[in-house]
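Got chain H; can you put chain D on it based on the hints?
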Amino acid sequence: MSFRERLRRWPFWPMLWKEFIQMRRDRITFGMMTVLPAVQLLLFGYAIQTDVRNLPMVVYDQSRSAESRLLAETLVNTDVFVIVGEVASDAAVRVAIERGDARAALVIPPDYARQIAQGAPATAQLIVDAADPQTAGAALSGSQLAAQARGVAILTERIGAAPVSPVDLRVRPWYNPSQRSAVFIVPGVIGILLTLTLTIITSTAIVRERERGTLEQLVVTPIDKTSLMLGKLVPFVLVGYVQMTVVLALGRLIFDVPMRGSLPLLYALTLPFILASLGVGLLVSTVARTQGQAFQLSFFFMLPNILLSGYIFPREAMPEPAQWIGLALPLTYYLEILRGIMLKGIGVLPVAGEVAALVVFAVALVAVSVRRFHKTIE
Amino acid sequence: MPAAVETLGLTRRFGDFVAVQGLDLTIRRGEVFGLLGPNGSGKTTTIRMLTGLLPPSGGRATVVGHDVATGSERIRRAIGYMSQRYGLYDDLTVAENLRFYSSVYGVLGPTRRAVLDAHLESLGLSARRDQLAGTLSGGWKQRLALACATAHKPEMLFLDEPTAGVDPAARRAFWETIYAMARGGTTILVTTHYMDEAQRCQRLAFLSRGHLIGVGTPDEITRQFNQPTIEDVFIALQQADEARA
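Protein sequence lines correspond, in order, to chains H and D.
Here the numbering used here runs 113 ahead of the position in the first sequence, where the first position is 1.
Here the numbering used here runs 1380 ahead of the position in the second sequence, where the first position is 1.
Hints listed in this document are in silico derivations from the structure and should not be mistaken for laboratory results.
Just so it is clear, the structure is predicted and the values come from calculations on it, not from any experiment.
All C-beta atoms, glycine included, are put in the ideal place defined by N, C-alpha and C.
Nothing false has been slipped in among the hints.
These stretches of chain H come out as covered by chain D in the derived footprint (C-beta under 8 Å, 3 or more residues): (1) 121-134; (2) 327-334.
Far from chain D by the CB rule (all over 10 Å, computed), these chain H residues: (3) Q175; (4) E211; (5) A260; (6) A441.
Keeping only pairs whose Cα atoms sit at most 25 Å apart, straight-line, the calculated SDA-like set for lysine to any residue is: (7) H:K457 x H:L376; (8) H:K338 x D:K1533; (9) D:K1533 x H:W126; (10) H:K338 x D:T1442; (11) H:K457 x H:S294; (12) D:K1533 x D:M1561; (13) H:K338 x D:E1453; (14) H:K338 x D:P1435; (15) D:K1533 x H:G326.
The following block holds chain H by itself, in its conformation from the complex:
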């Protein structure tokens, strides 16, 4: 038989044809392709705000002076704090923070304005609800900024000119100058979404055939397991690309997430990641006996992906064992590629190592799953 004839008779084609018809008739798959990306994007894009802004603050102003009002105003100008009320006692400060009405309280002593007028160092107190360290950190840097600004302003007034600091360390925030979380999170949503849906739909797809008895029927036909698996996989590659496109478009429209690098390059480098995610799903399907089991196993795989891949929390801050686990997840590498291309506008060279890792994952996972899948029904 010639190669062309063998290609024409390859059982992969009917398998692919069947999968596409089933996909077209399945509303859940269609929803997974369009609605799920949108929901996830909005959820993560809006909800995950690692930049702390607008902390509610009460002010206990015992000085009641122009100086004390200026201090409060300077704190508000940092964008970290927003004044939600005035209180008149230490007890009221405690109540406001305990009830969660305020996350910070500015306490200005009665002699604050007098000390400034005398040229003595004036003291005020900022109480912070530091149960959440991220809030505490933001409050700390916000208060330092405000104190410095007030100090400079007061000194300028006193000596008639702006004082010159001996050291001037200027921070230049590249890639995300306004430091919006969405810019960081939205590219990650693509990776998380592909991992979630591709793993789950692939793992349940084969198990569903097992449950319905059609796998038993397929196994007695001359179809080879490569055709069977590839026929299942290829349509999902398309699903992955549709999802990615939805997130990219909405991320641009709603969150103004930049696309600094090459879009075709991003699509090309996404293929090994999609295949690796499908490979995980296939592997799950060779272990799970029911759709419920497949779903649970896929979900179990999601947790380390969300926590350890660098999707939300920087991997550099994690203890070493957690970093090693992160290295075993395809998403860790894909996030570098996504953020590199979208935010930094890099080409393929800076992420060549990540791309190689993904290719290895994809080939290994698919090969192991095909080997594990036996054309028998034990």
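Just chain D now, kept in the frame of chain H:
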């Protein structure tokens, strides 16, 4: 020409449980052969070993001239299989199910459409060709499953309780089709619970607790065991075998 099926000491164990014990069986070409036995007697396990769905734990078997241990891919091309669960895709239409399974068997090319249309026509499925398989009644599903299992004109057809849950009229029509295929030279191995269907087989084998307890034509068997009907033989053999257990 070798026998359609030949087994020698065919055995299958699941852990400590012996599902099929040393089965010796010969099925001739073109025969309608019935495999009878109560639930759990090893009928389905036997069919699964012969169709390559389960590897045997011991013994040998050849199907249409190929050894099940080494020639399973060649066997798959030459046989059709219809399980009690039918194996149809509920979200594909009648015509799509048939097109899918026949393509997997290599029924392709310019004549495919004509071949499949004729096949649907012969099974009376033409009027329902665009109906989703999931919306068919039991009898029509069974007919479609048979169509899918036979579009590639297999040498041998395995039917695992094909008429469970189907009304009497559909069962009769089904058997007429089976006989027509047998006349055309197809060997048929069928398992069943229904004694009237057992009566329609040319030869029968009885299984109980995994081993063969009797084989022959329906007449031979009733005479051999001195019972009025196959059903009486069935009950007597089963009781005797269980008494020995």
